[in-house]
Amino acid sequence: MAEELIRRTAAELAGALTRREVSSVEVTRAHLDRIAAVDGTRDADGVATGPGVHAFLHVSAESALAEAAFVDAARAAGETLPPLAGVPIAVKDVMTTRGVPTTCGSRILTGWVPPYDATVVRKLKESRLVLLGKTNMDEFAMGSSTEHSAYGPTRNPWDPTRIPGGSGGGSAAALAAFEAPLATGTDTGGSIRQPASVTGTVGVKPTYGAVSRYGLVALASSLDQAGPCARTVLDTALLHAVMAGHDPRDSTSLSDPVPDVVAAATTMDVSGMRIGVVRELHGDAENGSGYQAGVLRRFDEAVEALVDAGAKVVEVSCPSFTTALAAYYLILPSEASSNLAKFDAMRYGLRVRPEGVSDPTAEQVMAASRAAGFGDEVKRRIILGAYALSSGYYDAYYGSAQKVRTLVQRDFAAAFAEADVLVSPTSPTTAFPLGAKLDDPLSMYLQDVATIPANLAGVPGMSLPAGLADEDGLPVGVQILAPARADDRLYRVGAVLEAALRGRWGGPLLDRIPEFPPLGG
Amino acid sequence: MTTTVAEPVRDYDEVTAAFDPVLGLEVHVELNTATKMFCGCTTIFGAEPNSQVCPVCLGLPGALPVLNEIGLESAIRIGLALNCTIAERCRFARKNYFYPDMPKNFQTSQYDEPIAFDGHLDVELDDGTTFRVPVERAHMEEDTGKSLHVGGATGRIHGADYSLVDYNRAGIPLIEIVTKPVEGAGERAPEIARAYVSALRDLLRGLRVSDVRMEQGSLRCDANISLRPKAAPGEDQSAVPFGTRSETKNVNSLRSVERAIRYEMTRQADRLLSGQRVVQETRHWHEDTGVTTSGRSKEEAEDYRYFPEPDLVPIVPDPARVEELRALLPEPPGVRRKRLQAEWGISDLEMRDVVNARAVELIEATITAGATAATARKWWTQELARQAKTSGVELADLPITPAQVAALQALVDAGTINDKLARQVLEGVLAGEGDPKDVVAARGLKVVSDDGALGNAVDRAIEANPEVAEKIRGGKVAAAGALVGSVMRDMRGQADAAKVRSLILARLAPGEADGNG
Ligand SMILES: [Zn+2]
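Chains as they are written, first to last, in our numbering: chain A, 1 to 521; chain B, 1 to 517.
For reference, chain A alone in the conformation it holds in the complex (with noise of 0.2 Å):
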């Protein structure tokens, strides 16, 4: 029973809860059993020990399955509840949760517990979700791989060697793992994306705004948004409809109404639909571009599949794609560093006295804090975007940056006038070996090459698996792009496509998945 719980999806799980087949208190207790089964140990600082996935930083059990028993309760006397009420979600550590630690990967807010709920965290609370825990993630989103996580890395639960993604490695690898149905991302460059192309799963970076940024730890602000993550674009879908609308509390968010992404979801037609391959994402295998052969196998065939079920496929040039990284790494650091300087030991998480000072100034205290407090990525980013914002400086680098970030939205606008969806992989290869490229910054950033435009522009873009590369047998995942305030063009795409593909695959990519070590004992 439990094993088969765990398998099913968000929407199977709604069905059968109101149909009270099924308690949330049975489907939130399979739920924790596989987290204890499969996510293995962390010592007493939170690092992670031993084998597992490692995709949970923090497990809220008693508050799970008491959440779990009051909606039971709520259903048994008969109260109408929200879509997926006692549906369990895990929500990535980014986003601020009353009482539950709220680190971002990062030692420097060891030990703090918000005092508030991010406005993602109270919609989900009110629609009566079960909240399993927090998921690890590169230190304040700083990643492709969760390697920069001050906890440890997760591991890809299709191969324990190898990275899950990043920077929401942990939300990915718990889906992928079935430790969770659901779970929340957010996305500054395919922090998304790319760990859902990478584990198998299905990951959405809504339109900029859409859903409120208010308690998510900010990493670059005109970039960053919060996303669903699901293992099916219909689970992805009603998560969305939770997660998105106006909120008040957050300036940059969207009035407008939000897009019927579930009824997209199941609409199942995509004929006469004109879909735009990227000739700057697509690579070409022979000249050695970066993008992994199989990757590009993969991709091709998903655009044969949608063709096969009625698009029309058309080339298009975005040539503002190719410098589209050089400005998103002066925007994000520009940004980073200063959101960043809030974390100065003075009224929140870790403090350190520096050593070998009798009576140390506010300064240096600041200094000691940040210095153990960081990890070298948040450093190297912190110093790049102060160096790109100094006087001087500024036009060369960070206003250079803006101007591109305009050219890649006109590039966007021109492209979505021939195109009513846009097409590329969501990563240039699968998912690479722990530790392969740690120590080679540059190599890490182009795992995001893909994903980066959407977030200079501001439009959705949409990861779903593609198959499995011949050469490693890991997922590729297929990018969907569509115009800002258009989400729902995601859903309708990415169903159609799933279906085919599950057709020519014989069930969910998922199901190829080998079993996860057990945990010794």
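Simulated from the structure, these hints should not be mistaken for lab results.
You may find that some hints are simply not true.
With a Cα cut of at most 27 Å, we get these calculated DSSO-like pairs of lysine-lysine [said to hold, decoys possible]:
1. Lys420/B x Lys446/B
2. Lys95/B x Lys379/A
3. Lys403/A x Lys95/B
Computed footprint of chain B on chain A, listed as stretches where at least three residues anywhere in the stretch have a Cβ under 8 Å from a Cβ of chain B [to be verified]:
4. 103-117
5. 206-219
6. 331-340
7. 418-426
Glycine included, every Cβ here is placed at the ideal spot set by N, Cα and C.
Starting from the structure of chain A, add chain B with the ligand where the hints point.
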């Protein structure tokens, strides 16, 4: 107390003979909005430390700012009142620097895109002339928290045992009003600076956007001053380049503005005349010793790494709303003064006395409450001005309202009390004994107009002063004054002198009793 070594200074006349001062004034005004600039926290002055805070103004991870629309309208109204252009579109920026009282370690402030720019303020000087101060910009920003350094000798951060931070003030809306370099002030620079801050205070008070209380810090002034050599006769002074400036902080009263600038001019002049250079630096004004001391050097300007605030959307004021706000602006203080002077029928000189006594609004309110222009002016510029001077407070800060002054005069007009009693009633009101009628009742100060009691007193006076009585009977009516004085003493002042006089005359010179009251 820090021991400040006074730097050498020059005689002021020597300074102005050799140099032309250039002023620059930066005034920070705390708006009196009910809530902070970017969150819903209240802004009550003097509340329990850290009782008016939330995730936003504490800079907690994940919190985001939302602009206070009332604060924005206040900024636009200030801009309009200062004859500024209102930006069609502008943004906030982040000013990045680390300090424990800055919750986010950046201040959300306007930088290169102020809400209002290019204006001026005409200020009236003591001699009645007007000086136009050019205004560069008025921009919005948030206040910081307040540090309290405990222990140590100085109350400053260095040497303190520990420091406490109160974030109640963090996020309170501020408007910074910056002048362009003010040239042509000459030897009147200190006076012009004071008059500008004073005029600005009146203007802001008229707009009702701020409490403008310098002693509480809701209006704070930084004074920049530099000296350049005086142009030779026939030469163009404005062609002479500016000198190096100093920026004096902690100038927390109008008097200090004038004194600090005067001091800085004499200090800078001494350096220049003795072959030294003026250091570009921040200086602190010491009210007690009347000198400035060197603070942080600004020779190597701190790099604040400004960039547009990505958490706030650009501000695009609705032009129709701006015009509406313009139409609703109160009459400018200068125009208003001219109108009131005409209405009150007083001379330029008398009006200047009223202005210098800072009594314009008070007199106007007293008239509104029912007094005549003449009596309202008399009370505020004479008796109350004296009281204010004695107790060393501003006229407006005396514990009496214009309505109470009008009520007091009404009691005089009705004959309930006389002028002498009115002063006692006033004392009672100032002592917090309530409204004039309450003081009259409580102190039993009513004028005795009862013919019986007064008649007895008059009879006693006539009996006691037979020579005087005889003179009056003999037709020397003027001698009645001596008897009136005697009766008033007898009645402890609580008598209507006119009434006493007529009773005396009725007894001693019946032909004079009427019409001579
Ligand atoms: Zn607040």
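*asked:* To test your reading of the hints: which numbers does this structure violate?
replied: The structure conflicts with hint 7 only, although it agrees with all the remaining ones.
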